[in-house]
Amino acid sequence: MMNQEDIKGIIPHREPFILVDEVLEKDDTHIIALKHVRADEDYFRGHFPDMPVMPGVLIVEAMAQAGAIVALAKPENQGKIAFFAGIDKVRFKRSVFPGDTLRLEVTMTRQRGPIGFGEGKAFVNGKLCVSGELMFAIGDAKKD
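Per this note's numbering, residue -6 is the first one in the sequence shown, and the count goes up by one each step.
Calculated directly from the structure, the hints in this document are not laboratory data. C-beta: ideal position from N, C-alpha, C; glycine also. Since no wrong hints were added, every one of them can be taken at face value.
No more than 16 angstroms apart at the CA atoms, straight line, and that leaves these computed lysine to aspartate or glutamate pairs for EDC-like:
no. : residue 1 : residue 2
1   : Lys114    : Glu18
2   : Lys67     : Asp21
3   : Lys114    : Glu98
4   : Lys67     : Asp20
5   : Lys19     : Glu112
Taking CB as the label site, the calculated pair distances span:
no. : residue 1 : residue 2 : range
6   : Pro68     : Ile108    : 15 to 21 angstroms
7   : His40     : Gln104    : 31 to 37 angstroms
8   : Lys1      : Ala78     : 20 to 26 angstroms
9   : Asp43     : Gly72     : 40 to 46 angstroms
10  : Pro9      : Val83     : 21 to 27 angstroms
11  : Arg87     : Gly39     : 16 to 22 angstroms
12  : Lys1      : Leu121    : 26 to 32 angstroms
13  : Thr22     : Met44     : 35 to 41 angstroms
14  : Ser88     : Asp33     : 16 to 22 angstroms
15  : Arg31     : Gly72     : 28 to 34 angstroms
16  : Phe90     : Ile25     : 19 to 25 angstroms
All chains should be modelled from the sequences, with the hints used to inform the complete structure.
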């Protein structure tokens, strides 16, 4: 449905920090996206050199970026940024390794003004790796 170039037209993230490679499905409140975890990702140099594991916080960030695609695709939010405002009930169930493909599923549960909430899950081969509640704030893309 969307490749990374399409995604870059919606969210402001760029290499090396864009963590969504493609979108399989998206509507006004839900997204299913993929992150192909490559062995040459820079963070694997230090996390951990002898047993590379994708940092859990980056999996949470990947879920947040997927959610940002939903939020920022809305006409009223175009050209804005979705800032992380909080995370709750995050659980890490399985490690993610080079060569894995993360399936990111995020559902936006509610939004009041610029503040929104969502539920995210990340899977590898159908097995849950990370889940949690995400909170974001929509703001201007300029420094004041």
